[in-house]
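J.: Once you've looked at the hints, dock chain B against the given chain A.
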Amino acid sequence: MNPLIQCSHVDFGYENQDAVVDVTMDVNPGEYVCIVGENGSGKSTLMKGLLGLLKPTGGVISVSDELRRSGIGYLPQQTAAQKDFPATVREVVLSGCLSRRGNWPFYSGNEKKLAVKNMERLGIIGIAGKCYRELSGGQQQRTLIARALCATDKLLIMDEPITGLDPSAIAEFYEIIRKLNREEGVAILMVSHDVATVVKEADKILHLKREVLFYGTTKEYLKSNAGYIYTGGA
Amino acid sequence: MELLREMLSYPFLVRALAGGILVSLCASLLGVSLVLKRYSMIGDGLSHVSFGALSFAVAFGWSPLRVSVPVVVVAAFFLLRIRSNGKMKSDAAIAMISAVALAAGIIVTSMTTGMTTDVSSYMFGSILAMSKEDVRLSVILSVLVLGLFLICYNKIFAVTFDENFARATGVNVSWYNVLIAVLTAVTIVLGMRMMGAMLISSLIIFPSLTSMRVFKSFRGVVISSGILSVVCFVIGMMASYRYSTPAGASVVMVNLAAFLIFSAADYVVRMNRADKKVGHGLAGKEE
Numbered sequence: 037m038n039p040l041i042q043c044s045h046v047d048f049g050y051e052n053q054d055a056v057v058d059v060t061m062d063v064n065p066g067e068y069v070c071i072v073g074e075n076g077s078g079k080s081t082l083m084k085g086l087l088g089l090l091k092p093t094g095g096v097i098s099v100s101d102e103l104r105r106s107g108i109g110y111l112p113q114q115t116a117a118q119k120d121f122p123a124t125v126r127e128v129v130l131s132g133c134l135s136r137r138g139n140w141p142f143y144s145g146n147e148k149k150l151a152v153k154n155m156e157r158l159g160i161i162g163i164a165g166k167c168y169r170e171l172s173g174g175q176q177q178r179t180l181i182a183r184a185l186c187a188t189d190k191l192l193i194m195d196e197p198i199t200g201l202d203p204s205a206i207a208e209f210y211e212i213i214r215k216l217n218r219e220e221g222v223a224i225l226m227v228s229h230d231v232a233t234v235v236k237e238a239d240k241i242l243h244l245k246r247e248v249l250f251y252g253t254t255k256e257y258l259k260s261n262a263g264y265i266y267t268g269g270a
Numbered sequence: 030m031e032l033l034r035e036m037l038s039y040p041f042l043v044r045a046l047a048g049g050i051l052v053s054l055c056a057s058l059l060g061v062s063l064v065l066k067r068y069s070m071i072g073d074g075l076s077h078v079s080f081g082a083l084s085f086a087v088a089f090g091w092s093p094l095r096v097s098v099p100v101v102v103v104a105a106f107f108l109l110r111i112r113s114n115g116k117m118k119s120d121a122a123i124a125m126i127s128a129v130a131l132a133a134g135i136i137v138t139s140m141t142t143g144m145t146t147d148v149s150s151y152m153f154g155s156i157l158a159m160s161k162e163d164v165r166l167s168v169i170l171s172v173l174v175l176g177l178f179l180i181c182y183n184k185i186f187a188v189t190f191d192e193n194f195a196r197a198t199g200v201n202v203s204w205y206n207v208l209i210a211v212l213t214a215v216t217i218v219l220g221m222r223m224m225g226a227m228l229i230s231s232l233i234i235f236p237s238l239t240s241m242r243v244f245k246s247f248r249g250v251v252i253s254s255g256i257l258s259v260v261c262f263v264i265g266m267m268a269s270y271r272y273s274t275p276a277g278a279s280v281v282m283v284n285l286a287a288f289l290i291f292s293a294a295d296y297v298v299r300m301n302r303a304d305k306k307v308g309h310g311l312a313g314k315e316e
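Protein sequence lines, in the order shown, are assigned to chains A and B. Numbering-wise, my numbering puts 249 at position 213 of the first sequence, and it's gapless, one number per residue. Numbering-wise, my numbering puts 194 at position 165 of the second sequence, and it's gapless, one number per residue.
Check each hint, because a few of them may be wrong.
Said to hold, decoys possible - In silico BS3-like pairs for lysine-lysine, Cα to Cα no more than 25 Å straight-line: (1) B:K66 with A:K166; (2) B:K245 with A:K119; (3) B:K305 with A:K153.
For the record, the hints were derived by calculation from the structure and aren't laboratory data. No experiment lies behind these values; they were computed from the predicted model shown.
So that you can see chain A by itself, here it is in the shape it has in the complex (with noise of 0.2 Å):
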């Protein structure tokens, strides 16, 4: 099977700084994969580059022809501008299928059922009708996920997705999460600060501090040094 993503070697600057340097990773179809680090370690710098808003100052990544055709589903960090955003859980979800449409201005049948069966999967559908800025944080995080899923359902971006959530929202988030990639081999790739989750969630680690301190399996990385000082040998 083809990798979803794949980087080899690649550099990230701005304005003659470096801000990651030669990182080799792969996304295969069904896996989850998690980069951690501390801040200003380049996490978010790395994804913007997955994702395609920021050009490689060096490497090559590629990504597959069928994510290349659909776009990337992504659940970025919330803007302070969406907080009071008046659009309605549907409208948000079926923002997800505009690159369905191509140049087509209109959204068709099709597509319409798409963003329903994606709020089903997400239990969201009873609240369709609401508005989004009404909603709790984690039934926020569900309607864009339900988004990003009617982008591609192969593979899901996360940008410390459970920063605001409350705990039980976190541990609900979570669930939602290894279900998809469980049950639904959509594969997972999440930056993210909570360490002590993750060695547990994830298949795969990637700890990042400018360079890579380790890539591996997440059974190799609790053996590995660095994992080891990070976890607090946990």
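T.: Leaving out everything else, chain B in the frame of chain A:
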């Protein structure tokens, strides 16, 4: 109604109404996106640039619209670039540019023609300013703006709600930002003759702010803004005719009234809901 019929018997008022309704409609639709993207100030900045450009045009005897449309479109590009470069805070940059454009306009005016009624009408608006050619141009451009907005509606929603997601799914975000800026620029130049440089940005921000008080969906806000802007404009013009107040200022005041009414309606609805929750013993669960 009697009043409206009387007004329609004057050809210049018919022109002003026709041009004004179309421009208000465009402004309110674009305004929804601009307000939500925190771009409200861009409208204000562009209107000052437009004033500067018009002053130059009057001073040198050029056709006002033909000079200011391209200048303001260029300014719109420029303001967006500042925003995406991020070296300077964009609100500061906009404030600076609008002051400079205003100053340049005033200097050119005082050196050549002096403060004529023409220039003062650009500042504060005048319904007499609409010539037949202006109206024709307004109609063509407004239809263009409306058409593009309708065709790009879904993409505009995606870009407004979440630029990064839209970009990751392959939408050409910068293109749509430029499109919105250009359409805004054109709308501002057209509306400025009537509303005046000082007041035109109200046509952009008021209807969407008002609609957001009550409506919960993007589509609802867009439709309500469109309707509100036209209704407020017509009422404002009628008030202006009846009480001989300046047209632009009257329209702004009617918009303010609408905003207050919608806010009050929202407040009443919330209170009712809160009361019901108390009734069911759920008061503790309110946020």
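J.: Is the Cα-Cα distance between K66 of chain B and K166 of chain A 25 Å or less?
T.: holds (21 Å)
J.: What's the verdict on K305 of chain B and K153 of chain A, does the C-alpha distance respect the 25 Å limit or exceed it?
T.: Distance of about 34 Å is beyond 25 Å: violated.
J.: Does the alpha-carbon distance linking K245 of chain B and K119 of chain A stay inside the 25 Å limit?
T.: Given pair K245 of chain B, K119 of chain A holds - Cα atoms ~13 Å apart, limit 25 Å.
Checked against the numbered hints above, the structure breaks only hint 3 and satisfies the rest.
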